[in-house]
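Going down the list, the protein sequences come from chains A and B.
In terms of the working numbering, the first sequence is residues 17 to 254.
In terms of the working numbering, the second sequence is residues 17 to 254.
Since the hints were derived computationally from the structure, they do not count as laboratory data.
One or more of the hints may lead you astray.
No copy is singled out in the list; a pair is fine if it fits within one copy or between any two copies.
Computed cross-link-like contacts, DSSO-like style, restricted to lysine-lysine with a CA-CA straight-line distance of at most 27 Å [unchecked claim]:
#1 139 / 166
#2 118 / 130
#3 161 / 118
#4 103 / 139
#5 169 / 130
#6 48 / 130
#7 139 / 118
#8 44 / 130
As the structure is a computational prediction, the values presented were derived from the model and not from experiment.
2 protein chains.
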Amino acid sequence: MNLVLLNENDFTSTDRVTLTDRRFHHIKNVHKVSLGDTLRVGLLDGFLGEAVVEAISEHEVLLRVNLTEPPVPALPATLILALPRPKMLKRILETVAAMGVKEIYLINSYRVDKSYWSTPWLKPEKVDELFRLGLEQSGDTRLPKLHLRKRFKPFVEDELPAIAADTRALIAHPYNASACPAATDEPTTLAIGPEGGFIAYEVEKLEAIGFTAFHLGRRILRVETAIPATLSRLFPAY
Amino acid sequence: MNLVLLNENDFTSTDRVTLTDRRFHHIKNVHKVSLGDTLRVGLLDGFLGEAVVEAISEHEVLLRVNLTEPPVPALPATLILALPRPKMLKRILETVAAMGVKEIYLINSYRVDKSYWSTPWLKPEKVDELFRLGLEQSGDTRLPKLHLRKRFKPFVEDELPAIAADTRALIAHPYNASACPAATDEPTTLAIGPEGGFIAYEVEKLEAIGFTAFHLGRRILRVETAIPATLSRLFPAY
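One chain only, chain A, in its complex shape:
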């Protein structure tokens, strides 16, 4: 936790917060703070700054908060991701939140096992928890939005063209693809398939609405590795 993420309702006055939950336990047991220590804090969807420990007990910590810095710039990327298996999904949601992606569509694909859609990790409260862990790790404050789309064709035909409009539309695809495009700040819609990749029909459907396939090199990476590898290469300035 490189940032303590505060909610509006943690505040007891303009510049004082009291924490009693997971964040309190982390501050007490991992950071092991003493009175007067300083912590990096940020208001959810808001500014960043510092907090001074004013009191700490067995049950709560009181912080005096000073928020002075605007939020970190968001990655100009919308991620379209074939739903990964639950264990991987969990880590991926945390990672993409940490890396600054703010719009994530989890979609169906031929190689997505139907059972994956019933994982508890897709429940809004679980997703919220994973996103917050990601933000606390990287020092960001703005929560991503997650959208679930259980039908590939209607999503790609009816909704995706508007999402990808006026953006660079890319498919990370290790087969029959061009090299990874150059780094830019250009708004980008990035589609990443399941383990084993999108099937030819799916790639064709995406290409039909303007997506271009690219590869990351001669090696085929797991989805979990391909995501940070791709985001880092496309957006070095973030």
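Since chain A is already given, all that's left is putting chain B on it; use the hints.
Below, chain B alone, put in the same frame as chain A:
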């Protein structure tokens, strides 16, 4: 498994192999091959090519192998990594093997918990298994070499200068650092700290022998995410 990794002793004649182990089960149950199907194969530390399924039973698969392509070029990077906690170590060893790193030093650091050194995942047979999984994922054939260095100071003072000689020596460090250097093919020695980072003393010791600290952007990434993000950005041509 995008590549079936073969050992010299799998061969029953010049171009025939019989598999009965984990690879056989994967080929049978995941790839669900039939007679005449083609699989991508590679000889450990050797060439890549294709294999045709000549026979498959409840107990074994017989392949006719044709190896025609040289191994994928190795990443020109030596990784110096503070020993991660076991669960993360496991995934990281697989990932770095998949990404083409061939020399890995796991080192001690102030923030490495001593107990991490006793994880079973550091046993040679476990490491070998993880490396093979990584190679099978990415389609590479050459096994990385893993070196364990339990004492930071003697390693950095006595051994690391020779390892880093004539290479670009970098520390991925999110604090007080410059931006990530440009992509090149230059041989690179890349040091990555533990969760929480190298302490100031350690960064100074590394800088004293010519290492330079860089950051990946304004966000602080987990080690597991920082590794693919860094390798992908430094070496886009691999």
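### Task
Enumerate the violated hints, using their earlier numbering and listing them in ascending order.
Those not satisfied: there are none.
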